[in-house]
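**Student:** Using the hints provided, position chain B relative to the given structure of chain A.
2 protein chains.
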Amino acid sequence: MDDDVLRRGRPTCHVEFDEPTALLVGDSLQTLAFELLASQPIGEPKQQLEIIALLAHASGSRGMAGGQAIDLAATGQPLSETQLQDMHRRKTGALLQASVLMGAVCGNPAPQAWEGLSRYGSAIGLAFQVVDDILDVTQASETLGKTAGKDLDANKPTYVSVLGLDAARRRAAELHELAQTALRDTALPDTVALAMLADRVVDRES
Amino acid sequence: MDDDVLRRGRPTCHVEFDEPTALLVGDSLQTLAFELLASQPIGEPKQQLEIIALLAHASGSRGMAGGQAIDLAATGQPLSETQLQDMHRRKTGALLQASVLMGAVCGNPAPQAWEGLSRYGSAIGLAFQVVDDILDVTQASETLGKTAGKDLDANKPTYVSVLGLDAARRRAAELHELAQTALRDTALPDTVALAMLADRVVDRES
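One line per chain: the protein sequences are A and B, in this order.
Be aware that the first sequence starts at 83, since it is given in the numbering used here, and climbs by one per residue.
Be aware that the second sequence starts at 83, since it is given in the numbering used here, and climbs by one per residue.
For the record, the hints were derived by calculation from the structure and aren't laboratory data.
Just so it is clear, the structure is predicted and the values come from calculations on it, not from any experiment.
Among these hints, one or two may not hold up.
Derived contacts from chain B toward chain A, CB cut-off under 8 angstroms, selection only [stated by the list, open to error]:
| hint | residue |
| --- | --- |
| 1 | 103 |
| 2 | 113 |
| 3 | 117 |
| 4 | 148 |
| 5 | 151 |
Just a sample of chain A residues kept apart from chain B, beta carbon distances all over 12 angstroms, derived [what the hints assert, rightly or not]:
| hint | residue |
| --- | --- |
| 6 | 155 |
| 7 | 159 |
| 8 | 171 |
| 9 | 227 |
| 10 | 267 |
Ideal Cβ positions, reconstructed from N, Cα and C, are used throughout, including at glycine.
So that you can see chain A by itself, here it is in the shape it has in the complex (with noise of 0.2 angstroms):
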């Protein structure tokens, strides 16, 4: 949808193909991803169905699919930095916070882990936003592996563009040091591997 021709260093899917083989492909992949959900063993059946439930919310009106209609009718609006992170919540947190939280359902987590994990996801799903929003600005197109300076250049509301560079690099070092303290509050024994995960979600160059 925003017609970059790039996408890990390659062609997009719609410049190497076509554009209705680049829908179907997804539509494809997408019901691939139920599919395999609903039939492999993964957990007890009611778990199985958990993880489907939060993995369609997170994708559909009220998560990714809703994100992007609001990313397409701002193009060129001002917006509010708590228009600009409720739309940025539904199109890339909510899909990032559902992958921690569809993990969390086969351990069986307390109440107090499970709202400290949700908490962990929502943080590093809203960091990841922040972060790409300042990549676009200061990385070249070869580093990202998609066009560099592309939202600036389609008058999209960023953080960048909202906040400016500064503040934005310290939203998302707020945004890391919420989820490390939602990751304490979880009392989980072993959450090293989430930690270092927030830790590359923000330092990350590409």
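**Tutor:** Here is chain B on its own, set in the frame of chain A:
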């Protein structure tokens, strides 16, 4: 994807709004189906998973999306009846068959009933498309609620273009008979509603 301006007598979504909106509505409604199937109490959790797997399989690359890809690739190409049948079994038939089997799952049918319902669903799924191809050339747009003659104009292979109108009508009647035979083979006590549905699929005028 067929760029038609009418569905059910109303402007299509991409005409009334725009293409990105139509895409996002499609993505959202597809995930909503899985969200509802996973989060509503329908039957035993194991049955719900089976229902989700049926829908996902019928919607994806081996079903509707794959059939649509074959359809796009086939425009302007000569197809044999076997190739045409394979395309339609995926594009339309798979989802109609799945809708029958999703209901069947809830009743824990015996193998004989399941097999008969599966053949019934397959027959009415293909019959629906054969009749669609016939109506496309015999009905006016006002009756259809979508643009008539569109497949012919787009140089798409259809049952009418491959077999001719009379043979296409005979094919629809054969599939109707196959569906009714399959229903009897289920040995289920009451298949009246399903038999009427098969009549309706073949007798419909829009």
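**Student:** Work down the list of hints and note, for each, if the structure agrees.
**Tutor:** Results of checking the hints against the structure:
no.	hint	verdict
1	103	holds, 7 angstroms
2	113	holds, 4 angstroms
3	117	holds, 4 angstroms
4	148	holds, 7 angstroms
5	151	holds, 5 angstroms
6	155	violated, 9 angstroms
7	159	holds, 15 angstroms
8	171	holds, 16 angstroms
9	227	holds, 23 angstroms
10	267	holds, 27 angstroms
Consistency note: the structure conflicts with earlier hint 6 alone.
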